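Keeping their order, the protein sequence lines are chains S and P.
The opening position of the first sequence corresponds to residue 60 in the working numbering, with each subsequent residue numbered one higher.
The opening position of the second sequence corresponds to residue 280 in the working numbering, with each subsequent residue numbered one higher.
Just so you know, the hints here were simulated from the structure itself, not pulled from any lab data.
Treat the numbers as computed from the prediction; the structure is a model and nothing was measured.
Certain hints may be false.
[Said to hold, decoys possible] Straight-line Cα separation of at most 27 Å, DSS-like style, residue types lysine-lysine; simulated pairs: (1) P:K483 / P:K518; (2) P:K489 / S:K353; (3) P:K424 / S:K353; (4) P:K489 / P:K453; (5) P:K518 / S:K353.
[Unchecked claim] The following label-pair restraints were derived from C-beta to C-beta distances: (6) S:M351 / P:E609: 17 to 27 Å; (7) S:R100 / P:V533: 13 to 23 Å; (8) S:R221 / P:F297: 34 to 44 Å; (9) P:L501 / S:R100: 37 to 47 Å; (10) P:F297 / S:T420: 46 to 56 Å; (11) P:A367 / S:Y498: 54 to 64 Å.
All C-beta atoms in this analysis are idealised placements derived from N, C-alpha and C, irrespective of residue type, glycine included.
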Amino acid sequence: MDALRFLGGGIEAVILVYFLLINTFYFLFSILSLAGILRYRRLVTFVRFGEIFRMPIVKPISLIVPAFNEGQGIIDSIRSLLSVRYPVFEVIVVNDGSTDQTLARLVEAFELRPWKAVYRKSLPSQPIRGIYRSSIQPKLIVVDKVNGRKADAMNAGLNVSRYPLFCAVDGDSILEKDALLKVVRPFLEDPERTIGAGGIIRLSNGCDVREGQVVGVGIPRNWIARFQILEYLRAFLGGRLGMAMMRSTLIISGAFGIFRKDIAMACGGYRAASITEDMDLCIRMQKHMHDMKKPYRVQFIPDPICWTEAPESLRVLARQRSRWHRGLIQTLVRYRSMLFNPRYGVAGLFAMPFYALFEMTGPFIECLGYALFLSHLLLGQVNYPFAVTFFFVAVFYGTFVSLLSILLEELSERRYPRLRDIFILTAAGVAENLFYRQYLSVVRAWSMIDFMKGKNEWGAMEKRGFARAGQTP
Amino acid sequence: MLSIVVLYSFVYLLLMSFSLFLFIFGRRLLIESRERRDRRIYDLMERDLLEVLTARDPRGEAIAFARKHGSQSRVLKELLVAYREALAGRTLEPLKVIFERTIRGRCLRELHSRWLAARLQNVRLFIDFSRPEEAVHLVKLLHDKPIVRLAALNALAGIASRETLAHIFDLFEKDPAPNLYAYSNIFFSLGPRIEPFIRTTLDKPLPPAKSGLLVEMAGRLLLRGLYLDVIAFARHPDKELRIRAARALGRLLVPESVRTLTDLAADASWEVQAQALRSLGRLQDWRTIPIMIKGIFSPQWHVRFNAGYGLAAFGLVGILQLQEISRQKEDRFAADMASMVLDTVILTGGAS
Numbered sequence: 060m061d062a063l064r065f066l067g068g069g070i071e072a073v074i075l076v077y078f079l080l081i082n083t084f085y086f087l088f089s090i091l092s093l094a095g096i097l098r099y100r101r102l103v104t105f106v107r108f109g110e111i112f113r114m115p116i117v118k119p120i121s122l123i124v125p126a127f128n129e130g131q132g133i134i135d136s137i138r139s140l141l142s143v144r145y146p147v148f149e150v151i152v153v154n155d156g157s158t159d160q161t162l163a164r165l166v167e168a169f170e171l172r173p174w175k176a177v178y179r180k181s182l183p184s185q186p187i188r189g190i191y192r193s194s195i196q197p198k199l200i201v202v203d204k205v206n207g208r209k210a211d212a213m214n215a216g217l218n219v220s221r222y223p224l225f226c227a228v229d230g231d232s233i234l235e236k237d238a239l240l241k242v243v244r245p246f247l248e249d250p251e252r253t254i255g256a257g258g259i260i261r262l263s264n265g266c267d268v269r270e271g272q273v274v275g276v277g278i279p280r281n282w283i284a285r286f287q288i289l290e291y292l293r294a295f296l297g298g299r300l301g302m303a304m305m306r307s308t309l310i311i312s313g314a315f316g317i318f319r320k321d322i323a324m325a326c327g328g329y330r331a332a333s334i335t336e337d338m339d340l341c342i343r344m345q346k347h348m349h350d351m352k353k354p355y356r357v358q359f360i361p362d363p364i365c366w367t368e369a370p371e372s373l374r375v376l377a378r379q380r381s382r383w384h385r386g387l388i389q390t391l392v393r394y395r396s397m398l399f400n401p402r403y404g405v406a407g408l409f410a411m412p413f414y415a416l417f418e419m420t421g422p423f424i425e426c427l428g429y430a431l432f433l434s435h436l437l438l439g440q441v442n443y444p445f446a447v448t449f450f451f452v453a454v455f456y457g458t459f460v461s462l463l464s465i466l467l468e469e470l471s472e473r474r475y476p477r478l479r480d481i482f483i484l485t486a487a488g489v490a491e492n493l494f495y496r497q498y499l500s501v502v503r504a505w506s507m508i509d510f511m512k513g514k515n516e517w518g519a520m521e522k523r524g525f526a527r528a529g530q531t532p
Numbered sequence: 280m281l282s283i284v285v286l287y288s289f290v291y292l293l294l295m296s297f298s299l300f301l302f303i304f305g306r307r308l309l310i311e312s313r314e315r316r317d318r319r320i321y322d323l324m325e326r327d328l329l330e331v332l333t334a335r336d337p338r339g340e341a342i343a344f345a346r347k348h349g350s351q352s353r354v355l356k357e358l359l360v361a362y363r364e365a366l367a368g369r370t371l372e373p374l375k376v377i378f379e380r381t382i383r384g385r386c387l388r389e390l391h392s393r394w395l396a397a398r399l400q401n402v403r404l405f406i407d408f409s410r411p412e413e414a415v416h417l418v419k420l421l422h423d424k425p426i427v428r429l430a431a432l433n434a435l436a437g438i439a440s441r442e443t444l445a446h447i448f449d450l451f452e453k454d455p456a457p458n459l460y461a462y463s464n465i466f467f468s469l470g471p472r473i474e475p476f477i478r479t480t481l482d483k484p485l486p487p488a489k490s491g492l493l494v495e496m497a498g499r500l501l502l503r504g505l506y507l508d509v510i511a512f513a514r515h516p517d518k519e520l521r522i523r524a525a526r527a528l529g530r531l532l533v534p535e536s537v538r539t540l541t542d543l544a545a546d547a548s549w550e551v552q553a554q555a556l557r558s559l560g561r562l563q564d565w566r567t568i569p570i571m572i573k574g575i576f577s578p579q580w581h582v583r584f585n586a587g588y589g590l591a592a593f594g595l596v597g598i599l600q601l602q603e604i605s606r607q608k609e610d611r612f613a614a615d616m617a618s619m620v621l622d623t624v625i626l627t628g629g630a631s
């Protein structure tokens, strides 16, 4: 009995230390992000991004859009990509064996014609069934291929692409008009060292989307989408910017990230078996640069914005988060040689261990805490005043970090125009601690079991199209 | 003990969260009211500025404008930067007068600030509104951090006199880690007036990357006077330099360069061959058609690709050749490439 009590006490101590450490790290990231945003705002004062547009010599970009069953929003998305402000770019849509109307809609909307393209198959990919060019949009190329997941589609797009930089954009995403001009800046300022740069992903749920552009920003009525808005703010403005300030960027979102093609090709492109191909490529490119002993930078820019649609049902959200978590585990396991390895600098000594200790095992420790609490409850061993106070501490710690991310949003872009939006986001920051956070912890912990069982599937996402997302209560 | 710590933490976090919420809320209210006020001032200034720009004596009106609105420097900066975007040439003169009478003094002081961001912001204002005699302040910044250095270079490029051009090229020669990309844009924006400087600099022993950039510039700016200097690099042992020379010759379009380009089309490096074929296509010398046809049968994809487009550049004659190659059965790769080029010419031609 004493041994059990001792074990229980030990686990409680581990949970407490974990709780303190993870929240302290997030708090520190938020503070670093705060400094990063203020510095960025000062550095870009009086910069005319239009000047980049008028530069005689700019690096052209291939926008590669893998699309699997994206029929609902693909036309809006491609229209938004074709209308971005950038001097030289091409849009390559890779229809990854869609079973819906994706290709048919593209053919109809952009008057696609079969094109006898001859390309170098430098990266392996599933067979290409046909390549199309638009007779009304010279910048648009559509590749129709056998299904092989997103990474495979990206590789096919890379093979067909022509330009030295490529930008991975999800088929359900909308880029702001100046997003490319802003995200390409690190490649112009430090062309030798910059190998990748990413911008912020925001949720289009609740926004007014017209002609492939977000014309009005709002908060959706769906609470699951509201929680995710806050999560994205925390992740991108708090987490990734803070990590970037420490030169520890391990992920550039697959929904919107720009990379040097020569480095990506030298690494063998995307790994087809990867579940989170964006993180896998980003880490592999950094590992490659370290192995080659070449200096590099992966930048995170806080204002180029890409809008994407978030799931509004718990079932679809669970599938998405399970996939992300399995992908995280897969990537960390694959690159375990970098963990605590001083050869890989900050990435090996801080970023990888952080992801492994807090992001990967975090949900397990959280779930362990819930299980322990339930067992104490059943055994009648709960110190109620302590438990209730601790619960509120956890809630307000979470709320405080969420409020910091709202502050970061206010300092960076201030996209949510109404005061009411601040109230709603704050309320979401409190409410998410009551069920949503616990639910996602369980989903993520369960995904670890799925990973061990060898589950490697993506799980279908239900797309509603930009016009309708966020309009149901 | 733990309970007390937790209780204190709770109270502390509650207060912190509440204060942070109030701060965010209060800040938003404050900013919105400031923005409304700034907007009003901006509208007023804009009306006055439009009157200045359309007045018979813009200079006099600009001085009056500066006297009236000089105290509102934040909004004034915003207005000047916005109008700088929309105006060009002589119409900028009233803006420069307003800048000199209002913000210039502070700007000059802040060029020497210890804060990088402050220096950068002010150099960027100088890009728009400085005069040649102010180059001396900018030259001092050519030894600052790279980002400030580039901004200073940009500002100097905007007031290009012979002295400032000499400073720019001097920095280019001495820069230990030049951002070639940025230099390309600066040189390009300076235009043909840099020809003598390029000639002098090309005569000096520079690293291949720097010489390559100058050769590239000669082509991009169509500096035919540098034709002989470029030709000299066609025999350089560095492959990158030979590629750039081939590309520049393809832009300069001097008929005498056919012979050099023909030699480069037989270079040991396929990258040089590919570029030489593309340039030969632009020159459209019919005698080079057999070389292009040979190129489209090359085992190298890039050589085939450039030879294909090189042939297409010949117009109808090239297209007929491509048709013939696309029909032959001996080399599938050449036939595919010819088909693709034909297809692209038809499709993209229609689209554009």
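Verification of the supplied hints:
no. : hint                        : result
1   : P:K483 / P:K518             : holds (19 Å)
2   : P:K489 / S:K353             : holds (21 Å)
3   : P:K424 / S:K353             : holds (21 Å)
4   : P:K489 / P:K453             : holds (11 Å)
5   : P:K518 / S:K353             : holds (22 Å)
6   : S:M351 / P:E609: 17 to 27 Å : violated (42 Å)
7   : S:R100 / P:V533: 13 to 23 Å : violated (50 Å)
8   : S:R221 / P:F297: 34 to 44 Å : violated (55 Å)
9   : P:L501 / S:R100: 37 to 47 Å : holds (41 Å)
10  : P:F297 / S:T420: 46 to 56 Å : violated (33 Å)
11  : P:A367 / S:Y498: 54 to 64 Å : holds (58 Å)
Consistency note: the structure conflicts with the earlier hints numbered 6, 7, 8 and 10.
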